[in-house]
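Construct the complete structure from the given sequences, taking the supplied hints into account.
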Amino acid sequence: MSDPEDIQRRFEELEAGRILGDLDAQERLEWEELAKDPRCRADLSLEFTAAAIETEFLPPRAEPLPATTLEHLRRDMARFVSPPPAGSPAERRFVWPGMFSNPQTAWAVAALFAILFAAKALLQFPANGTVKPAVATLSPEEARDILLRQAGDLVQSDFKGTDAFGQMSGKVIWSDQLQEGYLTLTRLAANTPSVSQYQLWIVDPSRDEEPVDGGVFDIPPDRETTVIRIRNPLAVNDPKAFVITLEQPGGVVVSKQEVVVAIAKTS
Amino acid sequence: MQDCISRYGGLVWSIAERHVRDRSSTEDVVQETFTDLWKSANRYNPAIATEVTFIGMLARRRAIDFVRKASRRPQLEPLCPSDTLHHPDSMRSDAVRWEGEAARKALKQLPPDTQELFFLHFDEGMTHPEISEKTGLPLGTVKTRLRRGLIEVRDILRRTGGSQPSIPSLS
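The listed protein sequences correspond, in order, to chains A and B. Residue numbers are given in numbering that gives the first Met the number 0: position 68 of the first sequence equals residue 67, and the series is strictly consecutive. Residue numbers are given in numbering that gives the first Met the number 0: position 75 of the second sequence equals residue 74, and the series is strictly consecutive.
Hints may be right or wrong, so weigh each one.
[What the hints assert, rightly or not] Heads up, simulated EDC-like pairs for lysine to aspartate or glutamate below, C-alpha to C-alpha not over 20 Å straight-line:
#1 35/A <-> 4/A
#2 35/A <-> 12/A
#3 68/B <-> 31/A
#4 68/B <-> 26/A
#5 104/B <-> 122/B
#6 264/A <-> 157/A
#7 38/B <-> 162/A
#8 255/A <-> 162/A
#9 107/B <-> 55/A
#10 68/B <-> 21/B
#11 264/A <-> 207/A
#12 38/B <-> 27/B
#13 264/A <-> 223/A
#14 239/A <-> 27/B
#15 104/B <-> 123/B
#16 107/B <-> 154/B
#17 264/A <-> 237/A
#18 104/B <-> 223/A
#19 170/A <-> 207/A
#20 264/A <-> 162/A
#21 170/A <-> 212/A
#22 255/A <-> 212/A
#23 68/B <-> 23/A
#24 68/B <-> 29/A
#25 239/A <-> 217/A
#26 38/B <-> 223/A
#27 255/A <-> 223/A
[Claimed, not checked] So the derived list for chain B, only partly shown, Cβ under 10 Å to chain A, looks like this:
#28 105
#29 117
#30 158
Hint data in this document are derived by calculation from the structure and do not stem from the laboratory. Note that the coordinates shown come from a computational prediction; the quantities given were computed from them, not determined experimentally. Virtual Cβ for every residue (Gly too), placed ideally from N, Cα, C.
Following this line, the structure appears as structure tokens:
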């Protein structure tokens, strides 16, 4: 086989087999040899063709990704971005018009998202307690205000206290993209941490029938308004409600909802 | 990136699951695919392929590579490293933008028996030996028809893709 057209034809057939995943060992060796031959031209056209066919035939997946996979992906992606130049326009823009519609801008924005994710991950999973991300120095009020200014997908809802807590008011803000949120609670009765603690629950039917733990917190006696950062160990994708309960010190894994303090519905 | 995971996570999972057929391995392939995506996203050219096709291609690579490595064949180089996307030739193409609907239309121009093989492979998710068993065709025939069919679909897309955006070089 010395005709360049024959060689190219054979190479393309093997290339198609490689893309379809059906090369046997001998064919694989032949493909490797031909791939080095300058008379053989390779591009991505067959791979794109196979991908276009496969994605066209695939039925849409109804259920969300497993929570463990989502967690791994979110932690993993922070390793692949670097900080955008300080003061660049992208740093101040939190628009996401389409991931690849303008790759440079979109990925600069993505980099900032990932930095915030990384900071959050470090806050939740400190490495031997030696890593102190910059955001750790922010007060909850400051961090909340930054989120209010920057998140493009902010969910906001007002808390309504139950009968025994009717005097309280509050607001929750939450960003799915950043997996970050805050409670601003006013006139909620101070608790004695050694006796009981408040606990937040996030209702997200898209991920689980059971509410997700949003963290245990205290209300100090000397402040009318307290800002609490939501600390969700599991990913939340589409919260429908936020519920505050009063629980034993340290909180509980599953709430009996004996003392429901307040509820904020997002839809 | 978060949006990307939300939008395409299901697609990547489905492709991985179809090829790998094992939940634990599927999770590995999904993670590896997104790692590839973060590394190569700046090389994506929307004039050449849709986001779905581009990400689908990365997922297929990872899944097929995983299956190949798991099949106890001699250890070989990675199927096609992401770096090849950077090579000018790797993105050389005609005035075609690869996307699913056009591919489906092109498939309909193949002989009916070849269309059936594509349907069994891509829609039913059957392996080539499974197709061979179901259709009674020799395995070699199944492989040859699918390979040549894929090349033919590519050529049809190239012939009919004249109205699509031209492809700039990535170099």
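Here's how the hints hold up against the structure:
A C-alpha spacing of about 16 Å is found between residue 35/A and residue 4/A, which places the hinted pair at or below 20 Å, so the restraint holds. The suggested pairing of residue 35/A with residue 12/A holds, with an alpha-carbon distance near 16 Å, which does not exceed 20 Å. A distance of roughly 16 Å separates the Cα atoms of residue 68/B and residue 31/A; the hinted pair therefore holds under the 20 Å criterion. A hinted pair counts as satisfied when its Cα atoms are at most 20 Å apart, and residue 68/B with residue 26/A qualifies at roughly 16 Å.
A distance of roughly 15 Å separates the Cα atoms of residue 104/B and residue 122/B; the hinted pair therefore holds under the 20 Å criterion. This hinted pair checks out: residue 264/A and residue 157/A have alpha carbons roughly 8 Å apart, not beyond 20 Å. For the given pair, residue 38/B sits about 53 Å from residue 162/A by alpha-carbon distance, which is inconsistent with the 20 Å threshold. Restraint check: the Cα-Cα separation between residue 255/A and residue 162/A comes to about 18 Å, which is no more than 20 Å; the hinted pair holds.
Using a Cα cut-off of 20 Å, the hinted pair residue 107/B and residue 55/A holds, with the two alpha carbons roughly 13 Å apart. Restraint check for residue 68/B and residue 21/B: the C-alpha separation of about 14 Å stays at or below 20 Å, so the hint holds. Distance hint between residue 264/A and residue 207/A is fulfilled; the C-alpha atoms sit about 17 Å from each other, no more than 20 Å. Restraint check for residue 38/B and residue 27/B: the C-alpha separation of about 17 Å stays at or below 20 Å, so the hint holds.
Annotation: proposed proximity of residue 264/A to residue 223/A is violated, straight-line Cα distance about 23 Å (limit 20 Å). The straight-line distance between the Cα atoms of residue 239/A and residue 27/B is roughly 30 Å, outside the 20 Å bound, and the hint therefore fails. A distance of roughly 18 Å separates the Cα atoms of residue 104/B and residue 123/B; the hinted pair therefore holds under the 20 Å criterion. For the given pair, residue 107/B sits about 13 Å from residue 154/B by alpha-carbon distance, which is consistent with the 20 Å threshold.
For the given pair, residue 264/A sits about 12 Å from residue 237/A by alpha-carbon distance, which is consistent with the 20 Å threshold. Distance restraint check for residue 104/B and residue 223/A: the Cα-Cα separation of roughly 65 Å exceeds the 20 Å cut-off, and the hinted pair is therefore not satisfied. For a cut-off of 20 Å, the pair hint linking residue 170/A to residue 207/A is broken: about 24 Å separates their Cα positions. Proximity of residue 264/A to residue 162/A is assessed by CA-CA distance (about 17 Å); at most 20 Å being required, the pair is judged to hold.
At roughly 18 Å between alpha-carbon atoms, residue 170/A and residue 212/A fall within 20 Å of each other, so this suggested pair holds. A hinted pair counts as satisfied when its Cα atoms are at most 20 Å apart, and residue 255/A with residue 212/A qualifies at roughly 13 Å. Under the criterion of a C-alpha separation no larger than 20 Å, the hint pairing residue 68/B with residue 23/A is consistent with the structure, at around 12 Å. For the hint pairing residue 68/B with residue 29/A, the CA-to-CA distance comes to about 18 Å; that is within 20 Å, so the pair holds.
At most 20 Å may separate the alpha-carbon atoms for a hinted pair to count; residue 239/A and residue 217/A exceed this at roughly 24 Å. The straight-line distance between the Cα atoms of residue 38/B and residue 223/A is roughly 48 Å, outside the 20 Å bound, and the hint therefore fails. With a CA separation close to 28 Å, the supplied pair residue 255/A and residue 223/A exceeds the 20 Å bound. Evaluation of the residue 105/B hint against chain A yields a held restraint, the C-beta minimum of about 8 Å falling below 10 Å.
Checking residue 117/B against chain A: minimum C-beta separation of about 7 Å stays under 10 Å; hint holds. Here the hint on residue 158/B is broken, as its CB sits about 12 Å from the closest CB of chain A, past 10 Å.
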